[in-house]
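Participant: The listed protein sequences derive, respectively, from chains A and B. Under our numbering, think of the first position of the first sequence as 1, with each following residue one higher. Under our numbering, think of the first position of the second sequence as 1, with each following residue one higher.
Keep in mind that the hints were calculated from the coordinates and are not lab data. Don't take every hint at face value.
[Said to hold, decoys possible] Under the rule of at most 30 Å between Cα atoms (straight-line distance), these lysine-lysine pairs were calculated in the DSSO-like manner:
(1) B:K240 with A:K175
(2) A:K210 with B:K60
(3) A:K210 with B:K120
(4) B:K210 with A:K175
(5) A:K120 with B:K60
(6) A:K240 with A:K210
(7) A:K175 with A:K120
(8) A:K60 with B:K175
Quantities reported herein were computed from a predicted structural model and do not represent experimental measurements.
2 protein chains.
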Amino acid sequence: MDAALSSLRVVLVSPRNPLNIGAAARAMFNFGFARLRLVNPYAVAFREARSAIGAGEILKSAEEFPSVAEAVADCALVVGTTSIGHRGLAHTVHRLEQGAPLVREQLESGPVALLFGSEKFGLSNEDLAHCHWLMRIATADRQHSMNLGQAVAVCLYELSRNLLDSRTAPARAPKAAPAADTEQITRLLVDVLGRSGYINPVTAASAENKVRRMVRRLDLSARDAPVVLGMLRQILWKLKGEK
Amino acid sequence: MDAALSSLRVVLVSPRNPLNIGAAARAMFNFGFARLRLVNPYAVAFREARSAIGAGEILKSAEEFPSVAEAVADCALVVGTTSIGHRGLAHTVHRLEQGAPLVREQLESGPVALLFGSEKFGLSNEDLAHCHWLMRIATADRQHSMNLGQAVAVCLYELSRNLLDSRTAPARAPKAAPAADTEQITRLLVDVLGRSGYINPVTAASAENKVRRMVRRLDLSARDAPVVLGMLRQILWKLKGEK
């Protein structure tokens with residue numbers, strides 16, 4: 001059980017408020033999770049949260065990353081959270097109670113990242129592009145978001161629920177590719193599409209996010225990802241050589 | 001359904017921190033509850049919470065009582081909450097997920113009070129004496145209590161669980177691509193890989209089947225398949241044109 005819990009990386013993207021960072025860490029402690037990651041936190045907030053009375057091991061060992069890509073690089077599954085609803089155009093959205101068993105299943109075989117957006121803006125489309133799918137907390141009103149610390153608590157409560165149950169019947173799903181591989185596939189594919197004229201340089205940035213989302217939707221297995229990488233490298237080599 | 005939600009009285013006993021009072025109100029709003037009661041709150045905290053930016057109807061209409069007895073007088077069922085464990089000597093303690101259905105059942109016929117203790121001391125033995133039974137949030141460690149605002153959020157999430165269910169749309173599973181598309185993708189990809197030197201003409205037949213199986217494993221959606229087709233056509237066009 002502890003092994004599965006320690007495979008979860010709670011990732012706060014651009015948090016602004018030290019109280020929320022502290023609250024997230026406290027909920028993690030309450031429900032038995034340990035690995036906290038912060039992407040581009042407001043520096044003062046992170047410092048304050050870390051030096052707060054009662055800030056424990058989780059805050060002290062929290063890791064800081066400059067980008068979502070780097071924060072989730074070792075995770076085979078990246079799940080975004082939202083309480084407002086579905087903004088990523090092409091993401092599957094599971095209700096928390098339906099998504100949690102899927103996360104638990106994946107935790108059996110390796111690290112999973114659970115992303116929470118900033119207090120004010122939630123996850124951006126760019127952040128969402130790194131997610132395989134989204135979890136939504138079913139609220140009464142989709143116009144008003146939840147407080148960050150409370151959203152973390154509710155998600156971790158649900159994830160730690162019946163943890164023993166899910167462990168009694170391990171499902172054999174193919175092992176998913178690590179995020180570092182899917183990101184490399186994304187970059188190579190963008191390069192290939194640029195060189196072959198599919199991507200217009202003017203709209204390249206939005207095209208890149210579309211490609212990123214699509215590659216995540218493919219749910220590549222750890223076995224297939226290197227094959228796809230090899231194909232793309234070869235195509236790219238050919239496109240470059242023939243220039 | 002809404003009638004049931006409005007029959008719950010969330011009762012904060014001796015809260016000290018305005019942020020926690022505000023957080024409780026926000027969680028109530030998020031999960032569709034409306035009736036907040038405060039027993040003997042720290043006056044400054046209540047005033048601050050009420051005047052906070054964004055303090056909504058729930059805080060404005062919150063009622064104040066001098067004692068637990070008065071705050072729960074109209075309720076047929078009074079349930080205390082704890083994340084630490086069982087301190088009331090003679091109380092039945094249900095885990096939250098087991099207690100929540102009992103609360104919902106009672107809400108159908110009349111008001112229920114859900115009591116939360118102060119941040120520092122939780123519910124006192126005197127407070128507990130007013131409770132019919134207790135609900136405990138299952139945490140990893142019974143020595144450390146949950147944050148008040150987070151405990152309220154988790155309890156209300158569990159209470160609204162099946163009530164909000166029927167109002168929310170089921171998760172959308174994307175429609176799968178027709179076999180004709182996946183086969184066309186396979187053929188185009190084989191062509192691209194042949195032209196870029198990834199597939200050796202001698203072993204082309206077995207390579208084609210490997211590619212075919214891999215394309216099936218991608219589980220492309222009906223929406224993504226045409227995009228992938230377009231990408232491959234463009235790459236192929238480029239590879240041909242540059243010959």
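Participant: None of the hints should be skipped; say for each whether it holds.
Facilitator: Right, here's what the structure says about each hint:
At most 30 Å may separate the alpha-carbon atoms for a hinted pair to count; B:K240 and A:K175 exceed this at roughly 36 Å. Straight-line distance between C-alpha atoms of A:K210 and B:K60 comes to about 45 Å, which puts the hinted pair past the 30 Å bound. The straight-line distance between the Cα atoms of A:K210 and B:K120 is roughly 49 Å, outside the 30 Å bound, and the hint therefore fails. Restraint check for B:K210 and A:K175: satisfied, since their Cα atoms lie roughly 19 Å apart, inside the 30 Å limit.
The straight-line distance between the Cα atoms of A:K120 and B:K60 is roughly 24 Å, inside the 30 Å bound, and the hint therefore holds. For a cut-off of 30 Å, the pair hint linking A:K240 to A:K210 stands: about 24 Å separates their Cα positions. At roughly 35 Å between alpha-carbon atoms, A:K175 and A:K120 are farther apart than 30 Å, so this suggested pair is violated. In summary, the hint linking A:K60 to B:K175 is not supported, as the alpha carbons are separated by about 45 Å, beyond the 30 Å threshold.
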